[in-house]
Each structure stands twice: as structure tokens, then as C-alpha cells.
Amino acid sequence: MRVSDLPRPSPERLLRQAQAEENKRWGARLKIFLGYAPGVGKSYRMLDEARRRHERGEDVVVAAMQAQQSGDLLALVRKLELVPPLQTSERQAIDVEAVLRRIPQVCVIDPLAARNPTGSRNPHRWQDVQDLLRNGISVLTSVNLLHVEEYKEKVQAITGKDTTETIPKSFLLAADDIVIVDVPTDLCLWRLGEKLTPTGISNFQERQLSELRELALLLTAEVVDAQLESYVHAHGIEPVFGAHERFLVCLTPHSNAPAMIESGERNKERFQGELYAVYVCEPGRSRRERATIRKYFDAAKKAGAATKVLESDDPISAIVEYARQKRITQIFIGHSAHNTWRDRFFGDPVLRLIRATEGIDVRVFPH
Amino acid sequence: MTTADDTQRGKLKVYLGYAAGVGKTFQMLADGHAAAQRGADVVVAYFEPHARPDTIGQAQGLETVPHGKIEYRRKTFEEMDTEAVLRRRPSIALVDELAHTNVPGSVHTKRWEDVQVLLDAGIEVWTTMNVQHIESLNDQIWQITGIRVRETVPDGIIRQAAEIVAVDVTPDALLNRLKRGAIYKPEMVEKALTGFFKGSNLGALRELALRQAAHEVDIRQSVYDETRGNEVPRISERRAGETAVDQSKERILIHITADSATAMLIRRGRRVADFLHADCLALFVYRTPDFTDLTPTEREAVEKHLRFARNLRIETQVLAGQDVPRTVMDFARRNQVSQIFVARVQGRLLERLVGRNYAEEIVRIASDLQVTVVADRSRIQAS
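Protein chains in written order, with my numbering: chain A, 1 to 367; chain B, 1 to 383.
You may find that some hints are simply not true.
[Said to hold, decoys possible] No more than 30 Å apart at the CA atoms, straight line, and that leaves these computed lysine-lysine pairs for DSS-like: (1) A:Lys326 with B:Lys198; (2) A:Lys268 with B:Lys13; (3) B:Lys249 with A:Lys302; (4) A:Lys268 with A:Lys152; (5) A:Lys301 with B:Lys249; (6) A:Lys301 with A:Lys326.
It is worth saying that the hints were derived from the structure and are not from the lab. Predicted model, so just to flag it, every value in this text is computed and none were measured.
Excised from the complex, chain A in its bound form:
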């Protein structure tokens, strides 16, 4: 496949690419350490990397650090230069001006989610990070799932903890690198218990931490998938199949579309995958058939599918081509109800599709 055949990139991706390219011109990279809860060891992983980079000769400074530090962390921080944060009675803020004057190669900021005192250069710390990146300074930073705006409510429902200090998910998606710091929930609880008052932590909380953990793993997978897509586009290579399940429902007026859409939705949820629905526009469809298709399209959209009308004289080829572009792993199609003279001549369309789609599963639905 040539690059020109690939689908047009989304505006978000173009923006992401533009940002990344702008930062890269200066060699600045943003690396985020993501954890599902306090106590997973994000700060340690990040500072340990800062220490290793410092030992390898990179110019590293720390511009913000957590208020409460364990002995291990303090030992790491002491090896690094500190650009003292600005302290108001209210809260701490990075001294962005001082960091910009100092021009280090790498700046460590722990944590990322923080609101700056009123009257600061930026309302949010993540905006300070953007300023540093734009000035060619790489940033290592850490964030807890609780502080990602789009996950705030879910996390609140689990922990009952509220936060006003959030970063937008798009900021995470724009990062050059993201690393998940994963530990089993029992270890996380044990560390939390050590840090906080030793309350009897129930299984109830362990079950909830486990859900946070799943969300964090899937969020990281999503970021990795976006990076993979950019990589594929940048290098103009064949899309990679198989890492992520993607379902394509082929709608026709006479298929059992509701069953296919419902099954597609369930599969999407179970596999944490993507759902697509297409209809190949054929001449000679009656008004009633067109109305039916519109109804199915609405149902597919409601089920969370990305929908698309394809125009082609050859429906099977159009579907196969679209499936390849979207890295589909499974195609849902309705059983051919009755053989027409055309089918007898050209072959049953379902069988033709099966033969034409190497590397993709085809699921045939009864009427």
C-alpha cells in the first residue's frame, strides 16, 4: 500500500504531529510516568531514570517534587540539582523563569497535575511544561490516573476522592513517551498503608484499585496505539494487524443489521476494541431501502461505531480495501439470502469476501 492510499489523518493527529515536530526541532521530549494510584512507585521510577541520565552526562535538574518524600526518594533527589520552586502561602509553583535561564537538558517535574497560584505565568503546571518543551527542555514528569480530566469522574466513583487539579487527556496523547508503572494492588495497598494512617483496608478497596489499574493499562495501550499509527503513517509502511481488535460491520438493507450491530458492540466492549460500520452505495436502491440503511447507520453510531458510506461498483473490493486501511481484524457480514443469477455468475458475494480477505476473520450472520 502506498502512503497516498492511507486514510486522511485526523486533525488531532496533525496537531499532535505538528507539536511533536516543533519540540523535536529543539530536541525536547516529554516523557510521562503514569500510575493508577498513589503508592505504585511512579516518582521512584522517574527519579531513578533522572539519576541514570545524570550519571550518563545529561544535564538534569529537578523543578518540582512531592511534599512528602520517603527515604529512597530523598536519596535519589539529593544526587540531582534542584531549581527551587516558588513558594506562596497558598501553594508551590515551578520557577519557570529560573529553569529557562538555567537551560538544562532535562527537567524533572513531580507531579504534573497542579494548579499554579493566582498571578502565575500559567494557570496550570502542564502549561508550564509546554513552555519548557517549546524552549528545547525535555521533561520527565509523573501523573496519577485520578488527575486525568476524562477519568476524573470514574476515579471519583471508585475512591470518593475529588480533585480540582487535572490535566487533559490530549496532553497525555501528545507525549513522546508514556510509561505505565504497574504493581499488584496488594503491594499498592501495603505501601499506601505505610504512607497513610494504618486503617484496615478492606477487599472492597482492593477490588476498586483493580479497576483503576485496568483503566490505566488500557489508557497506556491507547497512547501506544496512537503512536503506532503515527509511526505507520510517518514511515508509509503496511499497517500492523493484530495488536488491537477492530470490528467492521457491513450493512445492507436486507441483512440482520440489528443483530450484527449488537454483537459488534458487545465484541468492542469485551475486547476493548474499535467498531466500524460501512455501507456500500449501490445504484438502484429503493427509497425504502435507503431509509432502512439510514436507520441502521443511526443504530451503529449509537453503538459507538465509526460509520462510512463507500462508493464503488465492486462492493467486495471496496470493503476489503476499507478493512485493510482501518486494520480491521474481523468483518461481520450477512448471509447471502438467495442466489441471484448474478451470484451464480460471479460467485456468492460472501464467499468472494472470504476468499479476498486474507488475514481478517469473516463472521457470517444469518438472516
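Given the coordinates of chain A, assemble chain B onto it according to the supplied hints.
What follows is chain B alone, placed relative to chain A:
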């Protein structure tokens, strides 16, 4: 998954990564130190002797059970000395590389079999593996990387694990480690860069490992809920309709044939069934008594496939029937199957001529059942 007998059995913890050098062993050893500090009786039961310098440093200070020495073709190989670990009886044993195949002459063929022995004896085991060693992912890995992984671990073994820990690192950092010579010896680096470590492979493998870890966490939540009731409120939206989904529980039937694509079909069926929480059955239909319509090679292949399905905990059936597709359909209807899995067959034209393309015939006659024609991922050229 949790029965009364399990209380005696050791717990299994798996450190899951996506490539050599992501830091699985390092993380396991670090956690081993932390556990030892908290008073646990931890030993290193097996540790790659040609490990990376950083990792060797991390192993220091932990008690190591000496490896067993095995002679094979006038060379000496080191393997875990399972008997010695049993005699030592630690509370936690660290065993590197779960997917490893033991040298011929060892008690067990696979290291995961040795691990079973330790677990059975009530010893907690922590171990490491990469996502590409999971049996049911074998074809997907081939599709992504173009590399057929020979050493695999059955999914059931991973399912036994009480805990899965994802060990993550960025591909850039991993490539840096590789180029610095921290993972392989210099002469191996070039080969690695054109193999698993090639371009988009690492990203795809990483995504697969993260999704697998999320899936494993999810399964353990379901088990937790089944054993402890559903009083715990759920937060994720996608769980809202779960009861309704469970009522329409799917049953997947895998049609076994002598075709070599059947192994891939079984793996895919098992995986889909796992994700959909569906039942999984497998059926072979023979046309003449004693399978005389099959060549000896074909007969052997069928038996291998049936054994493989049973190993993946799929219930298998063998039935007689002159008309194979009809027999499969009848069986499916009688057993409330919702989806039939068939493989796309090789030698399409020839087989169609001799009337043995069962897949297409099943699709044609299945007017009341869903049929999934599974892609033969093993025959695709990876990018």
C-alpha cells in the same frame, strides 16, 4: 478458579513484558528484595547465568539455590534444580523465564511444569515471561512480527496466576539498552534489530502486552465477584449491561480437521471465547469407521489437534457422519452453539474439486447460525 484445595497451593505471580530487556527480571528481583526485607523467606530458584550486569547486581543479597547441571551432547547445561528447591522449602521462589524449554534429559520438558511442582508443594512462585510466549497469541505474534515463537506457555498456566504485573518501558529506552549492549552480546544486536526489535514491532508487542495485562486484571475481577458476590458497586459503564450479556451467553464450536490451519483455529477460538466469557467446544467428524478415509499423516494431525484443544481446556467430541458439514450443523443446533469457527483451507481449488472445502459448505448451509471463517494469520507475510 478458586477452590478449597487452592488454599494449600502456592500462589503464582507473573511479570509480563513485551521483549527481552524490558526489565522483568530486574523488577522481580527488586520486589524479592522488598519482600525479604519484610521478613519473607525468598530464594532465587532459577536465574539466567548470562544475565545483564545490572540484573546480576540486583540478584546479589538474595539466597540462590544452586542450579542443576545436565549433560547433553557432551556439553553441560544449567537448569533449575526443582528437587533442591523443594528440599529448601522457601516461602517464595523466584524462577526466571517461565517459557523456557529444558534441555533433553531433564525431568520435565518445560520449565512451567517444574513450576507446577513447586506450586503443588505450597511454594509461592514469582516468574517472568513475554507476551509472545502466550500460546493463544502465537498466530497474532507471527502476523505482527513475522517470527514464529516456538516456546509457548498454555493460557491455563497464566490463568492460574494470582497476579500479573506489567513491566513497561518505552521502545526508545529499550533500543538504547540494546545498542549499549545491555541486553545482548554485540554480535546478537544486529540480528535483534532486524527481528523482534524491528521498527513498529516493539510498539505493537507493547500494546498487546498492555491489553493482555488489562484483560488478566479484568478476569481476576470477575473471579473475585463470583467468589465474593456482587455487593461491590461497579464503576465502569461497560459493566452496566453485563447481566443481560450473560443471559445470552455464547457457545463457540470449533470444527477440527486434519488441515494444519486447525491449530491456529483452536487458538483463536479459545481466545475469543475467553474474551466473550463464552463456552468453547470442538468437534471432529469422520466419514468412515477407523478414519480410513484419512491418510496416516492426516489421522495423526487430527489426534494432535484434538489433544491440543483438550490442553487448552476445550471440550472435544468425535462423531461419525457421511456429510461432514451437515453433521457439524446438526451438532451445533443440538448443543445450542451460537458461533461455529472454521478455518480457511489450503489448496482451495483442488479441495473444492474433490468436494472437501468444508468451510465454504458450512457457510453456505448455515442459514440459522453464525459462522466465523478464521483468517490464517500464519500464512500472511508480516510487514
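| query | Which of the listed hints are broken here? | reply | Result: no hint breaks.
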